[in-house]
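Visitor: To get our numbering, take the position in the sequence shown, counting from 1, and add 536.
Bear in mind the hints are in silico, worked out from the structure with no lab data behind them.
Among the hints, erroneous ones may be present.
[Stated by the list, open to error] Pair ranges (Cβ atoms, derived):
1. Ala-728 x Asp-552: 15 to 23 Å
2. Ser-757 x Val-581: 15 to 23 Å
3. His-705 x Phe-577: 30 to 38 Å
[To be verified] Simulated pairs of lysine to aspartate or glutamate, EDC-like, Cα-Cα distance not exceeding 16 Å:
4. Lys-541 x Asp-589
5. Lys-742 x Glu-721
6. Lys-632 x Glu-620
7. Lys-541 x Glu-567
8. Lys-584 x Asp-614
9. Lys-742 x Asp-731
10. Lys-668 x Asp-685
11. Lys-541 x Asp-685
12. Lys-668 x Glu-588
13. Lys-584 x Glu-567
14. Lys-668 x Glu-539
15. Lys-541 x Glu-671
16. Lys-742 x Glu-660
17. Lys-668 x Asp-595
18. Lys-626 x Glu-588
19. Lys-668 x Asp-658
20. Lys-584 x Asp-595
21. Lys-626 x Glu-660
22. Lys-541 x Glu-754
23. Lys-632 x Glu-656
24. Lys-541 x Glu-565
25. Lys-668 x Asp-596
26. Lys-668 x Glu-620
27. Lys-742 x Glu-754
28. Lys-626 x Glu-671
29. Lys-626 x Asp-614
30. Lys-541 x Glu-588
31. Lys-626 x Asp-658
Yeah, the Cβ is synthetic: ideal placement off N, Cα and C, and Gly gets one too.
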Amino acid sequence: MPEIKIVLSGYTFNSDQTGLGLSTVALIEGEVLTLVDVAHFGRRVILKNALEDIGLSLDDIGRVILTHAHWDHSQNTDMFPNAEIVIHAKELEYSKNPRPSDHATARYFAETLSGQNVLEVDSETVLEPGVKVIETPGHTRGHISVVVDTEQGPVCIGGDAFSDAGALHRGTPALVFWSESEARESIRNIIAESDTIYPGHDRPFKIINQDEIEYLVEAPSIKFTGVLDQMGSTFSVDVALAPNRGTTVQPEACD
């Protein structure tokens, strides 16, 4: 049966100087070695090194599933020359003319897939035994998630349809760009598929007693470094934790 490994951990935070956009990259070891999301340019070398650490080269990846077209999930598809790229047809079409408030979808995204082997799905699709794509719109127009039947039971790689553990209580992902009502329905559909979630910007967790979660891995660490000259230049880092993160719904997504 297929198994899942975390290649790169997702994080739920930003800074006042840049959007970090650190999304989860998951590997499905099934009939085809499959990555779900591929991170952004800033993690390009880190992604390559992380795959090498588990004995894989870029050429070994036979499939890339993009949960959606946002830059932090999708910029590195060209690293995988042998991969079929799976994306929802509505997401690909939408990416050519995204809403003005959708700052995370680059209008050039569709062009980055030119010349690649692209499989557009438009409904629930079984890609191989034990691996299926389900429609989970709301965060974006054509968002998809992946349900994997593992030896431990079904697992859903949620992408940003289930962005973090807090989505369980909010009933929505942290950001909604397309439709709040569809985002809420997608959360319910994911929970109906599996109580084990690999979110887009958080650690994998299991839902306990409907409203509690148990993380399945230890919290990853992240290190910040800076280039300082010899004239005494420095910088500071202030950490402000918001344990009860709310939902940001773009005005056009209110329904």
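Visitor: Does each hint hold? Answer for all of them.
Guide: Each hint, compared with the structure:
{"no.": "1", "hint": "Ala-728 x Asp-552: 15 to 23 Å", "result": "violated (38 Å)"}
{"no.": "2", "hint": "Ser-757 x Val-581: 15 to 23 Å", "result": "holds (18 Å)"}
{"no.": "3", "hint": "His-705 x Phe-577: 30 to 38 Å", "result": "holds (33 Å)"}
{"no.": "4", "hint": "Lys-541 x Asp-589", "result": "holds (12 Å)"}
{"no.": "5", "hint": "Lys-742 x Glu-721", "result": "violated (19 Å)"}
{"no.": "6", "hint": "Lys-632 x Glu-620", "result": "violated (20 Å)"}
{"no.": "7", "hint": "Lys-541 x Glu-567", "result": "holds (15 Å)"}
{"no.": "8", "hint": "Lys-584 x Asp-614", "result": "holds (12 Å)"}
{"no.": "9", "hint": "Lys-742 x Asp-731", "result": "holds (6 Å)"}
{"no.": "10", "hint": "Lys-668 x Asp-685", "result": "holds (9 Å)"}
{"no.": "11", "hint": "Lys-541 x Asp-685", "result": "holds (14 Å)"}
{"no.": "12", "hint": "Lys-668 x Glu-588", "result": "violated (26 Å)"}
{"no.": "13", "hint": "Lys-584 x Glu-567", "result": "violated (21 Å)"}
{"no.": "14", "hint": "Lys-668 x Glu-539", "result": "holds (13 Å)"}
{"no.": "15", "hint": "Lys-541 x Glu-671", "result": "violated (22 Å)"}
{"no.": "16", "hint": "Lys-742 x Glu-660", "result": "violated (23 Å)"}
{"no.": "17", "hint": "Lys-668 x Asp-595", "result": "violated (23 Å)"}
{"no.": "18", "hint": "Lys-626 x Glu-588", "result": "violated (34 Å)"}
{"no.": "19", "hint": "Lys-668 x Asp-658", "result": "holds (13 Å)"}
{"no.": "20", "hint": "Lys-584 x Asp-595", "result": "holds (11 Å)"}
{"no.": "21", "hint": "Lys-626 x Glu-660", "result": "holds (13 Å)"}
{"no.": "22", "hint": "Lys-541 x Glu-754", "result": "holds (14 Å)"}
{"no.": "23", "hint": "Lys-632 x Glu-656", "result": "holds (15 Å)"}
{"no.": "24", "hint": "Lys-541 x Glu-565", "result": "holds (8 Å)"}
{"no.": "25", "hint": "Lys-668 x Asp-596", "result": "violated (21 Å)"}
{"no.": "26", "hint": "Lys-668 x Glu-620", "result": "holds (15 Å)"}
{"no.": "27", "hint": "Lys-742 x Glu-754", "result": "holds (13 Å)"}
{"no.": "28", "hint": "Lys-626 x Glu-671", "result": "holds (10 Å)"}
{"no.": "29", "hint": "Lys-626 x Asp-614", "result": "violated (21 Å)"}
{"no.": "30", "hint": "Lys-541 x Glu-588", "result": "holds (13 Å)"}
{"no.": "31", "hint": "Lys-626 x Asp-658", "result": "holds (7 Å)"}
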